[in-house]
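Read top to bottom, the protein sequences are chains A and B. Going by the numbering used here, the first sequence opens with residue 354, and the numbers climb by one from there. Going by the numbering used here, the second sequence opens with residue 862, and the numbers climb by one from there.
Below, computed lysine to any residue pairings styled on SDA-like, alpha-carbon distance capped at 25 Å:
hint	chain 1	residue 1	chain 2	residue 2
1	A	K552	B	E925
2	B	K1093	B	R1049
3	A	K560	B	R910
4	A	K560	B	Q876
5	B	K1019	B	G1006
6	A	K560	B	P875
7	A	K552	B	R910
8	A	K560	B	D952
9	A	K560	A	D547
10	A	K560	B	E900
11	A	K560	B	M878
12	A	K560	B	E873
13	A	K560	B	E1068
14	A	K560	B	L1066
15	A	K560	B	R874
16	A	K607	A	A629
17	A	K560	B	F922
18	A	K560	B	R1059
Footprint (simulated), chain B over chain A, 3 or more residues, beta carbon under 8 Å:
hint	segment
19	417–425
20	563–571
Here are some chain A residues pointing at chain B (derived, C-beta under 7 Å):
hint	residue
21	A381
22	L409
23	V429
24	E445
25	Y449
26	G558
27	A559
28	K560
Don't read these hints as lab results, they were simulated from the structure. Even for Gly, the Cβ is constructed at its ideal location relative to N, Cα and C.
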Amino acid sequence: MTLARGERMLMRGNEAIGQAALDAGCRAYFGYPITPQNQIPDYMAAHMPEVGGVFLQAESEVAAINMVYGAAAAGVRTMTTSSSPGISLMQEGISYIAQSEVPCVIVNIMRGGSGLGNIAPAQSDYFQAVKGGGHGDYRTLVFAAWSVQELYDLTREAFDIADRYRSPVMVLGDALLGQMMEPIVLPEEVVDPDALPPKPWATDGAKGRPRRIVNSLYIEPLDLERMNRQLQARYDEAAEREVRCATEHLEDAKLALVAYGTAARVGISAIEQARAAGIPAGLFRPISLYPFPNRELARVAEQVDAILVAEMSLGQLVEDVRLAVDGSCPVHLYGRPGGVVPTPAEVVEQIERVMADTRG
Amino acid sequence: MEADTETQVLFERPQAMQPVRMHYCPGCTHGIVHRLLAEVMDEFDLVERSVGVAPVGCAVFAYEYFTCDMLEAAHGRAPAMATGVKRVRPDLFVFAYQGDGDLASIGIAETIHAAARGENISIIFINNAVFGMTGGQMAPTTLPGMRTSTTPEGRDLKLAGNPMRVCELLAALDGPAYLARVAVTNPRRVREAKRAIRRAFQAQLDELGFSLVEVLSTCPTRWGMPPLDALKWLDDNMVPYYPIKEFVVAEGLAEAE
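The shape of chain A in the complex, shown without the other chains:
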């Protein structure tokens, strides 16, 4: 396939994720169909063979994540993608992968939950994504995009971050971001997987070296505690180096709207409408959800009179916001679960409510 690199082109979010993986040197993809992310496996099935990589449709999400585990353990950049119910099925494997220190990329194009829920855009998997999700003392590094371009950029960078921290990295989108088409510019240069640094832990045949073991079993509690602390040290390092956030109109803001992904897209429209009505509101948009931009948000909290959290879930993001703010200003929640995308007018109404409360 010929892509017009370096020029603006129209691309669907799900396809941008697929292309980002290929450009990052990903050479193995395992997945199972689930709406609303089916364009990703379709894209990988069509284009992975062009770069000599592996595409395999697994029999389940459970199998897919364990195929990822094996392929990534052999040292190959590997990805799987799914949507909320499928990501739940992968949690067992993600826990093993994290504890075994194997890098991989997992994309969750979130849909409404719980249960079978629906296939509309949602952010209800926030807790599952940022608090671990599976059993044990691990985290997944999580990055959330708000545009097709950012889905590309974050997915591509996720492979570098995964390798750097030997950790699963999750990219969050939702049904809206995955399905919509937007202008995007693909970089000219792509990663040559053969030029990547060697992985001196990979199980790829003990030729001329001692054997290697990829394992998450540490039967002695003190050994496992040491491993847990080793993972935590990596997360602490990521908290120093990988925090990403963006702000709009915060310079003179009295109210900060905190939102990520599609909710932030709605939020920026709401802020522009509020400002037109004379309300000094600004946007704080976390991009890394774990590590969370605690310090950056704490500084904002000292400057504004109030924070309004807008999330397409019912009180998930707001918990991390409250931890970061630590009581230095009031934090209000506007949550719309179930696959509902709030309108800018609805968010403006909430901004007006919070401003009225704060003045009172």
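Place chain B on chain A using the hints.
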């Protein structure tokens, strides 16, 4: 007495085996099967290009016992993990070692689909009719009437359902290149078991597809029997229910022998 210079090594630890003490119970046949696997790896000179996948169950520490690269899978997921390795590195020899709870209960979907795809991996399947590691609970292969900690009055087929014959089940698929059931209850059977493992490995080396050797094994601890009695019990009770035979032998493989 002649000088030592004429001595010759007749029997030694295979290169593929780590020089460590295994954790298996006295009389358990896992050790025999580990040894056969290692001998065959040596004979095909596979140590430097093998990746093995250990299960959850009694063989959970199998990754400690072989000198090749090893992975430790989640319960039942070894065939999926082995698939991941083999797909990205088809030049590697990839095997999984699994028990009956792992392969036939929680991992039956991964097993069937790896077999159906004709995934070019080899699986050693230990069938001892019981969950050993967790305390002797019923397995999918527990015989009718057999007592376990979760079938204290014996397996009642009306309550607990019927045992599964894994080789027969997989033989219905087009993917497998080699399927055999063996036992390791006497020296002749041990030799036959080794031959089956050789053929399974040969199938992968010849890129013929999925291969699996089911090894009927004893669990004296959970069966509550002395080891010799357990061997006899296996021959008397398991072999009639789980016939020892080759179920699938791919055409190309038959010629290679």
